[in-house]
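Residue numbers (the working numbering), protein chains in the order written: chain A, 166 to 444; chain B, 166 to 444; chain C, 166 to 444; chain D, 166 to 444.
The list makes no distinction among identical chains, and a pair is therefore deemed to hold if it is satisfied within one copy or across any two copies.
Dumping the calculated DSS-like pairs for lysine-lysine here, alpha-carbon to alpha-carbon at most 30 Å:
1) 176 / 412
2) 193 / 174
3) 250 / 408
4) 408 / 193
5) 315 / 344
6) 367 / 174
7) 367 / 176
8) 408 / 174
9) 412 / 257
10) 176 / 408
11) 408 / 249
12) 193 / 176
13) 193 / 232
14) 412 / 174
15) 314 / 440
Note that these hints are calculated values from the structure, not bench results.
4 protein chains.
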Amino acid sequence: MSIYRVLIKSKDEQGLVYRISKIFSDMKLNIVSNSEFVDRENSLFFMRTEVTGENLDVEKLHSEISKSIPQNSEITIIDTSIRKKIVILVTKEVHCLGDILMRWIEGELNSDIVEVIGNHSTLENVVTKFGIPFTTISHVGLDREEHAKKILERLEKLEFDYIVLAKYMRILPPLFVEKYRNRIINIHHSFLPAFIGANPYKQAYERGVKIIGATAHFVTNELDEGPIIEQGVIDIDHTYSWKEMQKAGRDVEKIVLSKALSKVLEDRVFIYNNKTVIL
Amino acid sequence: MSIYRVLIKSKDEQGLVYRISKIFSDMKLNIVSNSEFVDRENSLFFMRTEVTGENLDVEKLHSEISKSIPQNSEITIIDTSIRKKIVILVTKEVHCLGDILMRWIEGELNSDIVEVIGNHSTLENVVTKFGIPFTTISHVGLDREEHAKKILERLEKLEFDYIVLAKYMRILPPLFVEKYRNRIINIHHSFLPAFIGANPYKQAYERGVKIIGATAHFVTNELDEGPIIEQGVIDIDHTYSWKEMQKAGRDVEKIVLSKALSKVLEDRVFIYNNKTVIL
Amino acid sequence: MSIYRVLIKSKDEQGLVYRISKIFSDMKLNIVSNSEFVDRENSLFFMRTEVTGENLDVEKLHSEISKSIPQNSEITIIDTSIRKKIVILVTKEVHCLGDILMRWIEGELNSDIVEVIGNHSTLENVVTKFGIPFTTISHVGLDREEHAKKILERLEKLEFDYIVLAKYMRILPPLFVEKYRNRIINIHHSFLPAFIGANPYKQAYERGVKIIGATAHFVTNELDEGPIIEQGVIDIDHTYSWKEMQKAGRDVEKIVLSKALSKVLEDRVFIYNNKTVIL
Amino acid sequence: MSIYRVLIKSKDEQGLVYRISKIFSDMKLNIVSNSEFVDRENSLFFMRTEVTGENLDVEKLHSEISKSIPQNSEITIIDTSIRKKIVILVTKEVHCLGDILMRWIEGELNSDIVEVIGNHSTLENVVTKFGIPFTTISHVGLDREEHAKKILERLEKLEFDYIVLAKYMRILPPLFVEKYRNRIINIHHSFLPAFIGANPYKQAYERGVKIIGATAHFVTNELDEGPIIEQGVIDIDHTYSWKEMQKAGRDVEKIVLSKALSKVLEDRVFIYNNKTVIL
Numbered sequence: 166m167s168i169y170r171v172l173i174k175s176k177d178e179q180g181l182v183y184r185i186s187k188i189f190s191d192m193k194l195n196i197v198s199n200s201e202f203v204d205r206e207n208s209l210f211f212m213r214t215e216v217t218g219e220n221l222d223v224e225k226l227h228s229e230i231s232k233s234i235p236q237n238s239e240i241t242i243i244d245t246s247i248r249k250k251i252v253i254l255v256t257k258e259v260h261c262l263g264d265i266l267m268r269w270i271e272g273e274l275n276s277d278i279v280e281v282i283g284n285h286s287t288l289e290n291v292v293t294k295f296g297i298p299f300t301t302i303s304h305v306g307l308d309r310e311e312h313a314k315k316i317l318e319r320l321e322k323l324e325f326d327y328i329v330l331a332k333y334m335r336i337l338p339p340l341f342v343e344k345y346r347n348r349i350i351n352i353h354h355s356f357l358p359a360f361i362g363a364n365p366y367k368q369a370y371e372r373g374v375k376i377i378g379a380t381a382h383f384v385t386n387e388l389d390e391g392p393i394i395e396q397g398v399i400d401i402d403h404t405y406s407w408k409e410m411q412k413a414g415r416d417v418e419k420i421v422l423s424k425a426l427s428k429v430l431e432d433r434v435f436i437y438n439n440k441t442v443i444l
Numbered sequence: 166m167s168i169y170r171v172l173i174k175s176k177d178e179q180g181l182v183y184r185i186s187k188i189f190s191d192m193k194l195n196i197v198s199n200s201e202f203v204d205r206e207n208s209l210f211f212m213r214t215e216v217t218g219e220n221l222d223v224e225k226l227h228s229e230i231s232k233s234i235p236q237n238s239e240i241t242i243i244d245t246s247i248r249k250k251i252v253i254l255v256t257k258e259v260h261c262l263g264d265i266l267m268r269w270i271e272g273e274l275n276s277d278i279v280e281v282i283g284n285h286s287t288l289e290n291v292v293t294k295f296g297i298p299f300t301t302i303s304h305v306g307l308d309r310e311e312h313a314k315k316i317l318e319r320l321e322k323l324e325f326d327y328i329v330l331a332k333y334m335r336i337l338p339p340l341f342v343e344k345y346r347n348r349i350i351n352i353h354h355s356f357l358p359a360f361i362g363a364n365p366y367k368q369a370y371e372r373g374v375k376i377i378g379a380t381a382h383f384v385t386n387e388l389d390e391g392p393i394i395e396q397g398v399i400d401i402d403h404t405y406s407w408k409e410m411q412k413a414g415r416d417v418e419k420i421v422l423s424k425a426l427s428k429v430l431e432d433r434v435f436i437y438n439n440k441t442v443i444l
Numbered sequence: 166m167s168i169y170r171v172l173i174k175s176k177d178e179q180g181l182v183y184r185i186s187k188i189f190s191d192m193k194l195n196i197v198s199n200s201e202f203v204d205r206e207n208s209l210f211f212m213r214t215e216v217t218g219e220n221l222d223v224e225k226l227h228s229e230i231s232k233s234i235p236q237n238s239e240i241t242i243i244d245t246s247i248r249k250k251i252v253i254l255v256t257k258e259v260h261c262l263g264d265i266l267m268r269w270i271e272g273e274l275n276s277d278i279v280e281v282i283g284n285h286s287t288l289e290n291v292v293t294k295f296g297i298p299f300t301t302i303s304h305v306g307l308d309r310e311e312h313a314k315k316i317l318e319r320l321e322k323l324e325f326d327y328i329v330l331a332k333y334m335r336i337l338p339p340l341f342v343e344k345y346r347n348r349i350i351n352i353h354h355s356f357l358p359a360f361i362g363a364n365p366y367k368q369a370y371e372r373g374v375k376i377i378g379a380t381a382h383f384v385t386n387e388l389d390e391g392p393i394i395e396q397g398v399i400d401i402d403h404t405y406s407w408k409e410m411q412k413a414g415r416d417v418e419k420i421v422l423s424k425a426l427s428k429v430l431e432d433r434v435f436i437y438n439n440k441t442v443i444l
Numbered sequence: 166m167s168i169y170r171v172l173i174k175s176k177d178e179q180g181l182v183y184r185i186s187k188i189f190s191d192m193k194l195n196i197v198s199n200s201e202f203v204d205r206e207n208s209l210f211f212m213r214t215e216v217t218g219e220n221l222d223v224e225k226l227h228s229e230i231s232k233s234i235p236q237n238s239e240i241t242i243i244d245t246s247i248r249k250k251i252v253i254l255v256t257k258e259v260h261c262l263g264d265i266l267m268r269w270i271e272g273e274l275n276s277d278i279v280e281v282i283g284n285h286s287t288l289e290n291v292v293t294k295f296g297i298p299f300t301t302i303s304h305v306g307l308d309r310e311e312h313a314k315k316i317l318e319r320l321e322k323l324e325f326d327y328i329v330l331a332k333y334m335r336i337l338p339p340l341f342v343e344k345y346r347n348r349i350i351n352i353h354h355s356f357l358p359a360f361i362g363a364n365p366y367k368q369a370y371e372r373g374v375k376i377i378g379a380t381a382h383f384v385t386n387e388l389d390e391g392p393i394i395e396q397g398v399i400d401i402d403h404t405y406s407w408k409e410m411q412k413a414g415r416d417v418e419k420i421v422l423s424k425a426l427s428k429v430l431e432d433r434v435f436i437y438n439n440k441t442v443i444l
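Build the full structure now, drawing on both the sequences and the hints.
In structure tokens, the structure reads:
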């Protein structure tokens, strides 16, 4: 019996939980897990419920819920037996990619890596060893738009749910970001919103901070300003050069990106007002 | 309009959330916050819901819930407009007591300190400055039982909800612990279950650990073995003597105890199987 | 026998440690502790050594070191038997002040609190209970300069080493900052350089961060841009309103400020290039 | 010009730093980095200095230091241009091994992986992809001693500095441990000394702890009692089954082991009294 995830984002109203749980009860569904959150300031209701049931009729469940909660709500029902698919974009650094690969080997990723695309071919060797296709799409001689278009052309031939920027060191143009709205996950190597943009470790070194961090976020067209999914930090001190900060930072970058990816793949992450609710 | 907390601990069953939320809906209660947890291994259901409603009939709410969930469930309904009361037991160290006092002054404790009892009078001066009664009950010349009895006699004259051991450095005998079952909160100055018993910092120093911690737990008759409410840690290294560990440890002790106390006072802590569920 | 702290900041050169340790050896001083740091990028040498010795001749020690290391070095020799003195500036919040007070009572502050000055009298009651003078210098009806001048007048009558801004919620004008250069320690309620300026918790809430922090730093004339001494963080999530972030943040604010103060009072903090070296 | 590491462990005496730094100065060596530690309780002196110098005469340096410090001191001089070599022992889990492999690919390991030995062949496929030899030495049908002997036979054919137990799930017998004293690094999946022995996550789950951790330590003949090199922790709560703790714990296990390994390979770790000093 498959587990289904019911995701609801709705205007808040009295009795919502009652009405939804009544449907689960009437349809004889077992609740495996359940979380809700109400943003009272904005009067918004979020719910993530995992249910099982014999011969579960997904369409009926969707329509029953739809009828009993406010109009214009977002209702998504996901069959967890269908593995999600991701594409990974990289440049030259291996640690974030490698961390995802090893989780995939360990069997904890619960998704398939459809392809890795690099603007350099540095990591091709590592990726193809594991039987995963690697495509190099060099940016040399191309402007940002032209390069992005070539990647988009490649992506259109692939079937996937999310794009993971695993230390992909180039900015994606608006066209690209719009096309995969809320589906591109980036790791920024600073504790956002501090040190937006290039070389955050050098910025951190010059500012003399005592803690550095990393931030996984959805990509929007404002540089490093998208909804934050996960953050992590490590202590440093005056003995760290910025190169050493960079090296130490890799550990937190890879863990933060992998944790964020895992939450996204488990459908825990709701987006609104440029923020995330994680259930 | 007062906020009421509805706390439920019950055998798990299909449709529980539906049945309970139906009652809230039928009685036209507003749900201010809601958390549930199901321990599937033991088939146990925990729920903490904050509701408001005009002319809320607590007895009726209790009886309606009682009728629609499994027998032998624990249902508690708490009027949050009634401030809780605590008694604090101390020996000589001020940091945990002081942290609680300052939160009380800041107005974030949401409870009243009925009295502080010390087996030394060292802290009397600090406590009485704030208009809080201090009673010294010396242990000198008494065995553990005799001393505990004298404290019990004093406690019987007071009205309170919880006893906080704020670095009270003596072991309470079974009689005492039984009488205030699940109502005594202790701070142990180690990362339990490591370093049970006396002088955990010295034990930690000798073992050469790189992280030390503190643990807030309910007191049971097994030394330092009660249900854990909150834990915290700090990094140390080889340069720390055990006295320096002790000093550094004070910060984590006081924060861990105060956080645990705050969760208990907000009725977030459920106890079962010598563990806690915190909703 | 008193412990003396020898603090050296110098251009780096080959053989510095040898030359300095030769002096200690020649003068038959015992080295109690020793730390050095070389900033290779800027070719700067920092040293903090604690020594004891019978009939230690401080002037001779200073002049011997002075002769054997590069000109224009900064050499400071501190008699640790002389307790340092601090003045604390506050507004209305008690947690940072209270944390310092409790450490003072516990005997771990190793310094005296000369006076607390508030622009409100809210905390007078707490402070005077402990026999510490409190002066209210209201800002009402005064512009920033005028108000600062009145505080300066009061400070000129006091003898102290450092000024601690324990949630003093006003900006000090350049005149004030210049006068006590490198002697004013502030706690900023964010993880600098994120969320400079007013209401950082609200800024953090709106940005949807998953970790918040606090930063203790020396005050310069660039708002929240002075050399960072200490930082700390805590995890939060989408369930926190900005008021709850503020409440949770108090714990990290007070610990970070007290740790920074402790390092400053132990003469561990060297300042250069708007950064700190902590030995 | 190669960098040499001078490691000294000696009885403490007045003037040690002076005498040693005099030798560096006389031999015209440049000090690249320097750390010392004195354990006053045991009157022990530890020093780690990195030096460079043209035509550095290692034997002369060793003998000069030897003559000027207490007898029976340990003096080790290491040429950092010679890469260290490690052998890794594994069972079935990939995360710790994979983390080391990825650091090796990233070029941050500064050492070579001579061979990976598994008691299962599960990870052979991953390892050999990277051109690293993998030997399976099955324990099936052998008692602990017999199995260990077969591994020892294989190890005797290899040249290496350290053995890394990357989730090698078997206990090594005394003979094995003695032979590679202070050269075997293990990762234990708990926050030692809590939960020694088998299945610490299950123990942690049953005890209801709120934080779990991992410990990297040198292996001795007392199970999980060797000198601790590095520890790390993560927060958990009542919602974690022990399987989920295990999964979450992998992140801290791999980071803690890799950090410990990095410190050992950089010759930062001194061992004494079953503890470590890390310079």
